[in-house]
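Can you make the complete structure from the sequences, with help from the hints?
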Amino acid sequence: MTSSTSTKTAAAEATPRRRRRGHNFTTTDRAVLSGLVGGPTLLHILLVWIPALCTVALSFTYWDGIGGLNEIHWVGLKNYQQIFTIYQDFKPAVRNNVLWLGFFAIIATPLGVILAYYIDKELKGTKFFQTAFYLPMVLSLAVTGIVWDYIFRTNGFVNSVMGNTDAQTAISWFGDPHKNIWIVLIIASWRHIGYVMLLYLAGMKSVDPSLHEAAAIDGATSWYTFRKVIFPSLRPVNVIIIVITVIDSLRAFDLVYIINRGRNGLQLLGVLVYDNIFGEATRIGWGSALATILFALSIIPIMLYLYQTFKKDK
Amino acid sequence: MVLALIGDHPYFWYSSILWWGCFPKTSAEEKWEKMSDMFTEEGVSRRSVLKGTVAGAGALAAGGLVSAGTASSADAAGAKKVSVGSNQSDPAARKNDLAWVAAAKTAGFDVKLNTVDHNTFQNQINSYLQGTPDDVFTWFAGYRMQFFAKKGLATSISDVWKKIAPNFSAGYKNASTGLDGKQYFIPTTWYPWAIMYRKSVFKAAGVDPATIVTWADFINACKTFQSKGITPVALGDKGGWEAMGTFDFINFRTNGFKFHMDLTAGRAKWTDPRVQKTFANWATMFPYQNNNVLDLAWDGAAQLVLQKKAAMQVMGAFHASIYTDPADLADLALFAFPEITPAYGREAVEAPIDGYMLSKHASKNLANAKSLAEFISSDKYGKAVLAVAPTALFANNKMPKPSDPFALSQVNLVNGCKYIAQFFDRDSRPDFAGTIFQSALQKFLGGGDPKAIATDLQQQWDALPPA
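Chains A and B are the protein sequences, given in the same order. Okay, so the first sequence: first residue is 41 according to my numbering, each after it adds one. Okay, so the second sequence: first residue is 840 according to my numbering, each after it adds one.
These are computed hints drawn from the structure, not numbers from a lab. One thing to keep in mind: the hints can contain errors.
Claimed, not checked - Computed Cβ-Cβ distance ranges for the label pairs, DEER-style:
id, chain 1, residue 1, chain 2, residue 2, range
1, A, PHE124, B, ALA1119, 27 to 35 Å
2, B, ASP929, A, TYR190, 18 to 26 Å
3, A, ALA256, B, GLY1285, 38 to 46 Å
4, B, ASN1236, A, MET177, 56 to 64 Å
5, A, VAL247, B, THR959, 43 to 51 Å
As the list claims (entries may be wrong) - Once the Cα atoms are required to be at most 25 Å apart in a straight line, the calculated SDA-like pairs of lysine to any residue come out as:
id, chain 1, residue 1, chain 2, residue 2
6, A, LYS219, B, GLY1286
7, A, LYS131, B, TRP1080
8, A, LYS118, B, ASN958
9, B, LYS1002, B, PRO1239
10, A, LYS131, B, GLN1298
11, B, LYS1290, A, HIS218
12, A, LYS131, B, ILE1292
13, B, LYS1148, A, SER212
14, B, LYS1148, A, PHE197
15, A, LYS131, B, PRO1289
16, A, LYS118, B, PRO1304
17, A, LYS219, B, ASN1130
18, B, LYS1067, A, SER200
19, A, LYS118, B, THR1294
20, B, LYS990, A, GLY107
21, B, LYS990, A, ALA97
22, B, LYS1148, A, ILE123
23, B, LYS1067, A, GLY203
24, B, LYS990, A, ASN110
25, A, LYS118, B, THR1110
26, B, LYS989, A, TYR102
27, A, LYS118, B, GLN1298
28, B, LYS989, A, LEU109
29, A, LYS131, B, ALA1291
30, A, LYS131, B, GLY1285
31, B, LYS1062, A, SER212
32, B, LYS1021, B, LYS1062
33, B, LYS989, A, GLU320
34, A, LYS219, A, ASN195
35, B, LYS1067, A, ILE211
36, B, LYS1108, A, ILE123
37, A, LYS219, B, LYS1199
38, B, LYS990, A, TYR314
39, A, LYS219, B, ASP1138
40, A, LYS131, B, GLY1078
Owing to the predicted nature of the structure, the values given are computational and were not obtained by experimental measurement. By construction, the Cβ of each residue, glycine as well, lies at the ideal position given by its N, Cα and C atoms.
Set out below in structure tokens:
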């Protein structure tokens, strides 16, 4: 067996272009490879894709989670129709998710990129700022929510500093549905900016320094160089940043759940799905419809963007 | 039989992996080992990695087999083994649990108590009851109990009730009966909802609670407190459920108990003009509330009363649990919610009943579980809990009248009432009382239009799947 393998390898080296790498593997190798690749793929299909398809299927039913298949009643598009027309929490949830996405896309992510640009210049003290900006990512979202709750609650830090210690004059930051989403967006950005900054910094460190020099020789300013030369060359990192911005804003859950269980102006699609499926009263069909809507909201923009980006590559 | 018992246990399947490692190496495996030695550099062969995972699974299985062994062992020395799932996660509440479990031990039971965080227990009750629940679990009376009994997730205990009926009044037996006429619930403790206040605050402002009988009296008292710089009514609805108490009271004071029960059950509509009367009456209270209602949970609002910053709170008697200083506790008192429509007076009160139910899983341990149910319904249970919680109120009529004046005032309050409601989220469908109604109340408290809110509520009720 050993000798046949070495002849095969020699033959492969003689004609490097014609033989594909796969032909160097023995049957045992192939068996092991298919097991090691097939196993996780099978698990992925079983635990991710089949449940996702089941969720979409369940979104067309009425089911309270108790009992077997004979308790599941098919109702077609009724759940979707009712969610879009009469479900009171749906519009605020979509508004908040879109607001989250807009805030991240327009304010938080660009701020992170700009911070990365300045820190890349390696001026004095940038190491401290690097750590300081990334530190919020180290905390879990639940802890972040609790800490900021202490700051913004009625008898918390902000109200005390403003002098509003009386129950009547204290500003209700989290209780007012017009204010609380903005406070939560600030907290989420506090965390997101450090994340984007670090990703971008890592990308920028890998840029060929000759690009900088070439641009400098041509007389371009530092900011112009960044905009026209560096930024386009970091396309893979840009793709990642855009994808995580979209995903993080659409899957937001922990912060609002810790603050007030996602009610009263802090509704989010993720929280609505959770409340309807995992609460005491389980409306599986309804929650599945909400989950399908969230899935479509997440997947479609990303697919469009990726298709656009990689189409240009070809 | 041992295999059959272990077979039920999930670790049985891991143990089968253990067997694979016990077989000797075949020639193919030896060749594999040689080849992998050729390709790897550090000498960590694939076989050793696979051996590692098998050993790990084996260790898991060994541990699993051991625990399977103990789980399937026969009852030791005649003590009746029963498992109890409890939501009494607060330290004070847990003391009660430990006290009665100790009393059960002397009565010949071996109780395995599983305590889960209070809110988590309620939220996960659906999946808990369908999985492998404990034999006996804490739950509440009302539609909340009837709902799960109807779904077949509880075991009927009508035969136990035949024996224990003399211990309870007819009202409690009714509250323990499911929709099919069989009993499913053992009531243990209860508490009323009323207006909580501190006697010293009322005295300082010159208000006598005995004079607050009608709604007009109540609003006048609020005006007096406001002129003295004290917030008249403290309300905190961050949790979503707290304001249901105020809603319930205003509703059955304005429109009568029958209308309220019809509304919670869906026999009356939210678009009924009587509901608008309730909202209108409630709106007259708004100027006298604290202005951060949606930022405070029930204990935040209760703190306002404790700190004498607010005069009253519409709350259950568990309001007293935040009063740790006995001097403060002695200052605490309550009075019944004022009447609104004279025809209905103060004939109704919210007095939720807590107790225990038997899960479907108890059918595997039926005799012991029913025996424990009988124990819980007896005054032996009551006396054990009373020793650590002197202000608790028991459903069992064999228990002595409470000596603590606060507890006694609660008993007198309820004794004067003809009708008892359980609280909105126990009287109504859980899928309505949870996300839908809580959201609507918060909108109303935030200044929403009551007509639009009522129309939306009815639309969402109609959209619910049939019960």
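To see whether the hints hold, each was checked on the structure:
Evaluation of the 27 to 35 Å hint for A/PHE124 and B/ALA1119 yields a pass: the beta carbon distance comes to about 31 Å. Take B/ASP929 and A/TYR190: their Cβ atoms lie about 22 Å apart, and the range 18 to 26 Å holds. A/ALA256 and B/GLY1285 have their C-beta atoms about 57 Å apart, which leaves the hinted 38 to 46 Å range violated. Range check, B/ASN1236 to A/MET177: Cβ separation about 60 Å, and the 56 to 64 Å hint holds.
For the hinted restraint 43 to 51 Å between A/VAL247 and B/THR959, the CB-CB distance of approximately 49 Å keeps it satisfied. Between A/LYS219 and B/GLY1286 the CA atoms are separated by roughly 15 Å; this keeps the pair inside 25 Å, and the hint holds. For the suggested pair A/LYS131 and B/TRP1080, the alpha carbons sit about 22 Å apart, so the restraint of at most 25 Å is met. Proposed proximity of A/LYS118 and B/ASN958 is contradicted: the alpha carbons are some 31 Å apart, above 25 Å.
Among the hinted pairs, B/LYS1002 with B/PRO1239 is consistent with the structure: their alpha-carbon atoms are about 21 Å apart, no more than 25 Å. Using a Cα cut-off of 25 Å, the hinted pair A/LYS131 and B/GLN1298 holds, with the two alpha carbons roughly 16 Å apart. Restraint check: the Cα-Cα separation between B/LYS1290 and A/HIS218 comes to about 22 Å, which is no more than 25 Å; the hinted pair holds. A distance of roughly 15 Å separates the Cα atoms of A/LYS131 and B/ILE1292; the hinted pair therefore holds under the 25 Å criterion.
For the proposed pair B/LYS1148 and A/SER212, the alpha carbon gap of about 17 Å is at most 25 Å, so the pair holds. Proposed proximity of B/LYS1148 and A/PHE197 is supported: the alpha carbons are some 20 Å apart, at most 25 Å. Between A/LYS131 and B/PRO1289, the direct Cα distance comes to roughly 19 Å. Compliance with the 25 Å bound is thereby established for this hinted pair. Taken as a hint, the A/LYS118 and B/PRO1304 pair is honoured in the structure, with Cα atoms around 11 Å apart against an allowance of 25 Å.
For the hint linking A/LYS219 to B/ASN1130, the alpha-carbon distance of about 15 Å falls within 25 Å, and the restraint holds. At most 25 Å may separate the alpha-carbon atoms for a hinted pair to count; B/LYS1067 and A/SER200 meet this at roughly 24 Å. Annotation: proposed proximity of A/LYS118 to B/THR1294 holds, straight-line Cα distance about 19 Å (limit 25 Å). Distance check on the hinted pair: B/LYS990 and A/GLY107 sit about 8 Å apart at the alpha-carbon level, within 25 Å; holds.
A distance of roughly 23 Å separates the Cα atoms of B/LYS990 and A/ALA97; the hinted pair therefore holds under the 25 Å criterion. Our distance criterion of 25 Å between C-alpha atoms is broken by B/LYS1148 and A/ILE123, whose separation comes to about 43 Å. A C-alpha spacing of about 22 Å is found between B/LYS1067 and A/GLY203, which places the hinted pair at or below 25 Å, so the restraint holds. For the proposed pair B/LYS990 and A/ASN110, the alpha carbon gap of about 13 Å is at most 25 Å, so the pair holds.
Between the alpha carbons of A/LYS118 and B/THR1110 the distance comes to roughly 23 Å, so the proposed pair stays at or under 25 Å and holds. At most 25 Å may separate the alpha-carbon atoms for a hinted pair to count; B/LYS989 and A/TYR102 meet this at roughly 18 Å. Of the pairs offered as hints, the one joining A/LYS118 and B/GLN1298 holds, with about 14 Å between alpha carbons and a cut-off of 25 Å not exceeded. With a CA separation close to 18 Å, the supplied pair B/LYS989 and A/LEU109 stays within the 25 Å bound.
Between A/LYS131 and B/ALA1291 the alpha-carbon distance is near 15 Å, which keeps this suggested pair within the 25 Å criterion. Restraint check for A/LYS131 and B/GLY1285: the C-alpha separation of about 17 Å stays at or below 25 Å, so the hint holds. For the given pair, B/LYS1062 sits about 24 Å from A/SER212 by alpha-carbon distance, which is consistent with the 25 Å threshold. Using a Cα cut-off of 25 Å, the hinted pair B/LYS1021 and B/LYS1062 is violated, with the two alpha carbons roughly 50 Å apart.
Among the hinted pairs, B/LYS989 with A/GLU320 is consistent with the structure: their alpha-carbon atoms are about 15 Å apart, no more than 25 Å. Distance check on the hinted pair: A/LYS219 and A/ASN195 sit about 17 Å apart at the alpha-carbon level, within 25 Å; holds. Simply put, B/LYS1067 and A/ILE211 have alpha-carbon atoms about 22 Å apart, close enough for the 25 Å limit, and the pair holds. Taking the CA atoms of B/LYS1108 and A/ILE123, the gap is about 21 Å. The hint holds against a cut of 25 Å.
Distance hint between A/LYS219 and B/LYS1199 is unfulfilled; the C-alpha atoms sit about 47 Å from each other, more than 25 Å. Only pairs whose Cα atoms come within 25 Å are accepted, and B/LYS990 paired with A/TYR314 is accepted, the gap being roughly 22 Å. For a cut-off of 25 Å, the pair hint linking A/LYS219 to B/ASP1138 stands: about 23 Å separates their Cα positions. Under the criterion of a C-alpha separation no larger than 25 Å, the hint pairing A/LYS131 with B/GLY1078 is consistent with the structure, at around 21 Å.
Of the numbered hints listed earlier, those contradicted by the structure are 3, 8, 22, 32, 37.
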